[in-house]
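All the letters of the sequence shown, read from the start, carry residue numbers 0 to 362 under numbering that gives the first Met the number 0.
Hint data in this document are derived by calculation from the structure and do not stem from the laboratory.
Some hints could be false.
As the list claims (entries may be wrong) - Listed next, with one range per pair, are the computed distances between beta-carbon atoms:
id : residue 1 : residue 2 : range
1  : PHE238    : ALA259    : 16 to 26 angstroms
2  : PRO313    : SER169    : 20 to 30 angstroms
3  : PRO70     : GLU227    : 30 to 40 angstroms
4  : ARG163    : LEU253    : 35 to 45 angstroms
Ideal Cβ positions, reconstructed from N, Cα and C, are used throughout, including at glycine.
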Amino acid sequence: MTEDGRDNHPQPPNQRRLRPLAVVTLLLLAITGSIFAAFELSPRPSAILIRQAFDKQTTQLNAALAPLRPPYVRAQENIPYDPDDPDALLDLYLPDLGGGRLPLVVWIPGGAWVAGSKEGIANYSALLAGHGYAVAALDYSLAPAAHYPRPIEQVSQALEFLQRNAERLSLDTAHVFLAGDSAGAQIAAQVANLIASPAYADLLGIESPLHRRQLSGVLLYCGAYDLEQLDFNGPHGEFLHSVLWAYSGDRNFLDNPDFATISVRQYLTADFPPTFISSGNGDPLQDQSRAMAETLRELGVPVTPLFFPSDYSPALPHEYQFNLGIPAGRLALQQSLRFLSRQVNATWARGDEPVDPLPQVAR
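Let the sequences and hints guide you as you build the complete structure.
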């Protein structure tokens with residue numbers, strides 16, 4: 000030690016380097032711990048990551064359909080179906096077929112309840128409309144900003160709006176179809192069931208927006224319909240837990256009696272509308288669709304299923320139906336159109352001429 004207090008024995012260079020390294024290590028551990036805590040304490044971080052992944056995939060699928068969009072279909076965008084709700088918007092696609100009201104398909108986009116938008120199904124909606132339908136693509140509030148059953152309420156409000164404005168918008172609301180993919184299929188099934196079952200509507204506390212006779216059918220693609228059937232210990236368990244925590248607002252959602260009504264398969268009745276239902280053989284949720292179809296059959300509900308053998312190759316993933324570049328995607332569209340046509344023609348008012356909605360789709 001010198002007289003001015005300086006050390007005559009400076010630290011070795013490697014020891015001087017270790018101090019900044021230790022600080023960096025501690026900072027990284029603190030950041031890692033904060034991130035881990037954020038994912039443990041809230042579903043929001045997971046929901047953001049899942050939304051980004053879903054939105055990227057949806058954008059790609061929608062862009063691939065752009066060349067197939069019929070030029071004679073016009074879109075009315077961002078129509079508010081509840082002026083007090085900024086999320087409550089719909090896009091309406093109408094073919095220019097020379098006037099007259101058209102059967103209405105209301106499509107609810109999916110995205111694990113935390114993602115999805117009407118823009119993501121724009122070209123598919125226009126493609127359906129080109130076959131002789133009015134197609135309303137809905138936006139609704141996403142989790143975790145909104146919780147169950149808010150989307151059910153919003154879809155019901157959209158149906159009320161469309162019915163009130165049917166004449167102005169050229170809609171035949173005597174022939175309404177609910178359609179949805181993934182989480183949108185689950186929402187569509189719930190709304191269909193509250194229309195079909197007054198007891199279920201009472202459980203939800205949501206008034207039916209339509210008479211049962213107005214609901215001509217339901218189209219369900221790749222949905223989840225029963226919490227008890229989900230495998231929370233499997234490879235997708237963490238994902239399922241994250242999105243359902245976000246949607247329910249309750250980390251212990253399986254024990255929440257108010258969330259139990261999401262399992263629509265357990266509340267079905269024989270009055271559920273005729274149903275087209277499909278899922279790919281490589282979809283982790285395919286057992287949900289098969290069980291839903293079987294329950295509907297047991298109740299005597301007319302069911303048109305489209306499933307594929309387990310060895311179908313290449314395996315068809317979740318949301319396969321939007322890929323019209325593969326035979327299975329084209330088959331799903333063709334069979335969906337046949338289902339729509341059959342249901343419309345089965346109940347068409349005497350004296351009206353139905354639009355033939357089925358130009359041949361190449362397989």
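The hints, checked one at a time:
1. PHE238 <-> ALA259: 16 to 26 angstroms: Holds, since PHE238 and ALA259 (Cβ atoms, about 21 angstroms apart) stay within the stated range.
2. PRO313 <-> SER169: 20 to 30 angstroms: 41 angstroms, violated
3. PRO70 <-> GLU227: 30 to 40 angstroms: 47 angstroms, violated
4. ARG163 <-> LEU253: 35 to 45 angstroms: Holds, at about 39 angstroms.
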